[in-house]
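Turn these sequences into a full structure, and let the hints guide you.
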Amino acid sequence: MTVLTDTASYAYAAGAVNVSLATTAAQPTGGSGSDTLLSIENLAGSNFNDRLTGNDAANELAGG
Numbered sequence: 001m002t003v004l005t006d007t008a009s010y011a012y013a014a015g016a017v018n019v020s021l022a023t024t025a026a027q028p029t030g031g032s033g034s035d036t037l038l039s040i041e042n043l044a045g046s047n048f049n050d051r052l053t054g055n056d057a058a059n060e061l062a063g064g
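When we follow the working numbering, the leftmost residue of the sequence shown carries the number 1, and every step to the right adds one.
Certain hints may be false.
[Unchecked claim] Restraint ranges, calculated between C-beta atoms of paired labels, are given here: (1) A14 to A62: 16 to 22 Å; (2) T36 to M1: 28 to 34 Å; (3) M1 to P28: 17 to 23 Å; (4) S34 to M1: 31 to 37 Å.
Hint data in this document are derived by calculation from the structure and do not stem from the laboratory. C-beta atoms are modelled at their ideal positions from N, C-alpha and C, and glycine is treated no differently.
Here's what the structure looks like:
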């Protein structure tokens with residue numbers, strides 16, 4: 001069985017991002033404008049001092 005996951009990456013962000021998978025509303029991400037994250041399981045941060053927050057699912061959060 002293949003398990004598919006989705007990742008939102010901020011690897012090229014110009015500054016730190018503050019992103020939460022626990023909200024489905026549009027959220028300002030700092031140096032990268034605003035994003036609405038739906039059906040996303042994983043986050044990849046920038047090279048700055050990010051704040052990455054998961055939800056109740058099995059998330060993978062990777063800082064830069």
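Results of checking the hints against the structure:
As the Cβ distance of A14 to A62 is approximately 19 Å, the hint placing it in 16 to 22 Å holds. Checked against the hint of 28 to 34 Å, the pair T36 and M1 passes, with Cβ atoms roughly 29 Å apart. Range check, M1 to P28: about 37 Å between beta-carbon atoms, so the 17 to 23 Å window is missed. Distance hint check: the CB atoms of S34 and M1 are about 35 Å apart, consistent with the given range 31 to 37 Å.
When each numbered hint is compared with the structure, a violation occurs for hint 3 only.
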